[in-house]
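Residue numbers (my numbering), protein chains in the order written: chain A, 1 to 313; chain B, 1001 to 1270.
None of these hints come from the bench; they were simulated from the model.
Treat each hint with caution, since some may be false.
Sample of chain A residues facing chain B (criterion: CB under 7 angstroms; computed from the structure) [unchecked claim]: (1) ARG66; (2) GLY208; (3) LEU210; (4) GLY211; (5) ASP213.
Stretch by stretch, here's where chain A covers chain B in the computed footprint (C-beta under 8 angstroms, at least three residues) [claimed, not checked]: (6) 1075 to 1088; (7) 1093 to 1103.
Beta carbons are placed, not taken as given, at the ideal position from N, Cα and C, and that holds for glycine.
Read off the chains here:
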Amino acid sequence: MKWVLLCAIALLALVASVILGPAAVPFGQLLHSDIVWNLRAPRAILAFLVGGSLGVAGAGLQALVRNPLADPFLLGLSGGAGLGAVLAIALHWSGPWALPLAAFVGAVVALGLVYRLGLIGGAALDPRILLLGGVAIGAFAAAITTAIVSLADAAELRNAFLWLWGGLSSASWDAVLVVALYAPLPLAVLFAASRPLDLLALGEEPAGYLGADVEAVKRRVYLAASLLTAAAVAVSGVIGFVGLVVPHVARLTWGHRHRALLPAAFIGGGALLAIADTLARTVVAPRELPVGVVTALIGVPVFALLLRRWTIA
Amino acid sequence: MLSLTGVRYRYPGAPRDALADVSLSVGAGQFQAVLGPNGSGKTTLVRIALGTLMPLVGRADVIGVAASQWSRQELARIVGVVPQREDNLFPQRVRETVLLGRYPYLSMWGRERPEDHAAVDRALAACDVLELADRWLWTLSGGEYQRVRVARALAQEPRLLVLDEPGVSLDLRHEMALFELVRGLVDTQRLGVLMITHDLNLAARFADSLLLLSEGSAVATGAPADVLTQENVEAVFSWPVAMQTIDDRPQMFPLRQRPRPEPPTPSPQT
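Here chain A stands alone, though its shape is the one from the complex (with noise of 0.2 angstroms):
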């Protein structure tokens, strides 16, 4: 029934980003439409995907560093691929692949310093390392952005801006296709992990204890929920709180086992951003909100709510 009520609020998010938007389209003129075809219909299923990646990773990592308030972006993803970003806006590489590919190659860049600071002092990976590797990392890649920033002009800064809050005006079947064929092999390692990823919530050695490899499976998910992020960063920026609120509504009602909390936070995940979307193109038509103001705007309010229910309880 749960499962019925989420797929049908998913169908309806496509459908009313698919519907709404700036241009008034006649509703018998809907499947004819150039716009429908090529502008709305790509970036309805851009953001599905990319809100449903961020759903993931989110839940995978909120229980590899055993933190609830884990977030894709935590671990140092975000600032390496704004730097990749701002400098290609910055040495003016042109082509349609050059910013989401530059973002691509500097979310990995971190990732894998990261994943090295994680391992110093031995072969294991460091959850709490990690965490703080992240967020240093991340702090040093927006120094740097905020250096090249700084020095640009007016117009490169607004880009660079906004492509920081995210948004998916750059939108594509292309675009929808790589992601298509990019994104099953990390979301499958994922789901693969549910049962460890179960375990871990005892900790580590008792993990270990009941049949887990644990150092295994905190490498797998590790690797796989940043590629994932990096992919979804590539494509449509920096879009903040899908990964951190859409797992615990998800927890709220799924309960904590990940063989459905996962394919719940990708649904979730998908129509939340989809939703977010269509505001964002239509609240202030025929201009545009960056996407991760709308999933801020929406994802704090929600997020206080929880955190008051976990202080009562």
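Since the structure of chain A is provided, determine the placement of chain B on it from the hints.
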């Protein structure tokens, strides 16, 4: 089933061996307790027995194969562990947490089968917590919680059960009930049990065999009456004790270190 022979281990950078030339074996239907003061190497011994640490010298075998050679999943089908500490990151019900004991038997994608739920019910019943199955973990008392954790280890359908300080923070009744439960499992299900405990008296009354550790070395090993002698206990714990026998097992009573002050003689009233 479990056998350690001549095990030596030293943590990286430590000035002395955590374990030096320790041997131990646990067979089916045998209750082996490991005793010793804090820092005597009890937990290191468990980690080596479970393959989490590799001995520098000597062997640690589970059913004839080096403990560190087993895959974690296969080892979890043979050895159930009740660790000293664990976290509860997310709220859980009793039945859910006991079901975690079935994870070593589940495939990556498959759901729980009827035999998994049957094993959970058997484990809950064996630990006398069937009526708690739908309670949240955080509503349980300390004694109930320990029995639930033993039930989770039993759901693994192990041949060997390892318990690390299971009686800590339990009151008299619950601690006795826990030891009676473990002893019952040894006698009725032919489980092998390896228990780490600081409680010399309960270990002496329930276990078949004791290993007394001090600073990483075995001071004595064997039947309780041979291990728990006044000389051994006083040497290891550096405290004077008196010994008595209850149920044919030695029991230890720590003595006051200084003689009690003389009661004040009543001074004549003026």
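Structure-based check of each hint:
1. For ARG66 of chain A, the shortest C-beta to C-beta distance to chain B is roughly 6 angstroms, which falls under 7 angstroms, so the interface hint holds.
2. The restraint placing GLY208 of chain A at the interface with chain B holds, with a minimum CB-CB distance near 6 angstroms, inside the 7 angstroms limit.
3. Given hint, LEU210 of chain A at the interface with chain B, holds; its Cβ is 6 angstroms from that chain's nearest Cβ, closer than 7 angstroms.
4. Against a cut-off of 7 angstroms between C-beta atoms, the interface hint on GLY211 of chain A holds, since the closest Cβ of chain B lies about 3 angstroms away.
5. At about 5 angstroms, the closest approach between the beta carbon of ASP213 of chain A and any beta carbon in chain B falls short of 7 angstroms, and the interface hint on this residue holds.
6. Note: the region 1075 to 1088 of chain B has 11 residues with beta-carbon separation from chain A under 8 angstroms; the three-residue rule is met and the coverage holds.
7. Counting residues of the region 1093 to 1103 of chain B whose CB lies closer than 8 angstroms to any CB of chain A gives 4, which reaches the minimum of 3, so the coverage claim holds.
Every hint from the earlier list agrees with this structure, and none is contradicted.
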